[in-house]
Amino acid sequence: MASHPNTYKNQPDERGHFGDYGGRYVAETLMPLVLDLEREYRAAQADPAFQAQFDDLLEHYVGRPSPLYFAERLTEALGGAQVWFKRDELNHTGAHKINNCIGQILLAIRMGKTRIIAETGAGQHGVATATVCARFGLPCVIYMGAEDVRRQSPNVFRMKLLGAEVVPVTSGRGTLKDAMNEGLRDWVANVHDTFYIIGTAAGPHPYPELVRDFQSVIGKEARAQMQDRIGRLPDLLVAAIGGGSNALGLFHPFLDDPDVKMLGVEAAGHGLDGDEHAASLLGGFPGVLHGNKTYLLQDEDGQITEGHSISAGLDYPGIGPEHAWLKDTGRVEYTAITDEEALEAFQLLCRTEGIIPALEPSHAIAAVAKRAKDMPKESVILANLCGRGDKDIFTVAERLGVEM
Amino acid sequence: MTRLSNAFSKPHPALVCFITAGDGDTSANLDALVEGGADVIELGMPFTDPMADGPAIQNANLRSLGAGTTTADVLRIATEFRQRHPNVPLVLMGYANPMIRRGPEWFASAAKDAGVDGVICVDIPPEEDDALGPDLRAAGIAPIRLATPTTDARRLPQVLEGSDGFLYYVSVAGITGKQQAAQTSIEEAVARLKAATDLPIAVGFGVRTPEQAGAIAQVADGVVVGSALVELVGEHGTDAPAKLREYTAGLAGAVHAARN
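Heads up: the protein sequence lines correspond to chains A and B, in order. Read left to right, the first sequence gives residues 1 to 404 (this note's numbering). Read left to right, the second sequence gives residues 1 to 260 (this note's numbering).
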């Protein structure tokens, strides 16, 4: 169903649909809330003071703009295209997640909400949410799968230090999707005072749109920085995809530049031929979960199956609806990288550039390594280094058989 | 007259009973509900991610899926119920994804063949009606919508448009089986809804005891009980039918006599 619209930037429509995807598939109790949020978001978009406050916090609190970095030794090692990184791992809290949290907490305050909730998988979005809640003095409850609480104890402690209440979720199978279910259950029971800060470009409209917009600072900066540094746009953008917010943040400002190709990288886990992966686009089917229609890992009866990835930030069984649309239109190409390939890329970047990446962007780096070799030396790849790897050293050590 | 409109035209308010399909011996449990005096049956379609449900119904979903229940099993349970009980209205209740997985037209047609009278889909609000509503209507199945304490006057007409069978009033902003709404707030809400529609109003969420059910039945056309029944199924396994029959009889007694 490839179509070729004049612009790829006019989505979603007024009902929050990206082509067939997206929408507002929520219980009636929440429907008036998401309509309120949409109204308030439209007002904020038209309010220069809101944008000014957002920009100011990104500059002075988050540390933006993040650098654009030419990875010279990695480029040499790969022997093909020039590899550049957008260094969003240098943000306050160590990942791109904070960009979105700043935007959403400003919306929450604008709406007079006095309590914040969020879900988290590996804990990065939980830490970013707890951070902005501390910054603005709002109480914060983070839902996290019980298994993730056990595996990610440093992030749990960070959240607690920041004053958040971390609730281990044991319902369902105690994973990220169950944490999101529990967040929705909390929200439906606390509709009057609570704002739900969703961590990725998914959920009911307007979340996919507003998360994308807040994260688009990544691509806007990168576009200007590329023009400034090399006088042209890159040939290929690469980003890892769990829910897809860092990828959309990088891609969106380039969608209408026809010469810029884009590659989204899903987690292939142990391989796409089995069930142990988290590649919703490449290995799933369209369906409805958590407020939106999108590609989902599911069985023939529509029961949701668990994703697997070495990266806890990628093992969600769905994906943001705009990616579903970008896949169907053919504007963005999607591929998948296995746990093993990501681990190799993780080590490659450590040794060639002195940067310890998170396991999420390690998937993007692995895809870059595959592509760069076959591209001419004058071509330019820009990948989003969306998180730093401090949180992942225990996982990596275990996989490499190292006792810590 | 449809089976649903018949159930709401009786001289007494209707007792609507919910259990999850595939949790225990569902056919025997459904028979027990009917024998106990249920006027309408809501059969829950199990889903891995029941985000509007509290622990009781979440656990029922897990038990059912753990036992291997498929969509085909749910439809077979419905078909056999219809053969045994030609006149008792049967409503499927669940979440969008299992309903639309094979396409909404497939689901509407399969539900029609199984003798289903209505469908309640928790996560398809009026804004997304296209995802299932047109196919249900074409198959002669009532799309039953939910109204909640957050459904304000501005929004209510949109909820009612295209709604059929009955209107399910979710009496608390929250999940199933938890807190109970204050009787006065239920009375106000039902009066507000009745002023806006001729559809029967059934009230649910947090209704557990005959006393609560009887009080609500003084103002509403129907009372929905779910979590309390589902807990009996979870607790009593193969002995559940007798317990369900007894508990339902208590509820039915209170609901049917509420306006005497």
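Be aware that one or more of the hints could be misleading.
What the hints assert, rightly or not - Here's a subset of chain B near chain A, in silico, CB distances under 8 Å, partners left out:
1. Thr-48
2. Arg-63
3. Leu-65
4. Glu-105
5. Trp-106
6. Asp-123
7. Glu-127
8. Glu-128
9. Thr-150
10. Asp-152
11. Arg-155
12. Leu-156
13. Ala-173
14. Gly-237
Claimed, not checked - Output of the computed footprint for chain A on chain B, the stretches with three or more beta carbons under 8 Å from beta carbons of chain A:
15. 88-99
16. 142-148
17. 181-189
Said to hold, decoys possible - Covered by chain B, per the in silico footprint, the following chain A stretches (three or more residues, Cβ under 8 Å):
18. 19-29
19. 367-377
No lab work stands behind these hints: they were computed from the structure. We put the beta carbon where it would ideally sit given N, CA and C, even for glycine.
For each hint given before, does the structure comply? Return the numbers of the non-compliant ones in rising order.
Violated hints (numbers, rising): 2, 4, 5, 12, 14, 17, 19; every other hint is consistent with the structure.
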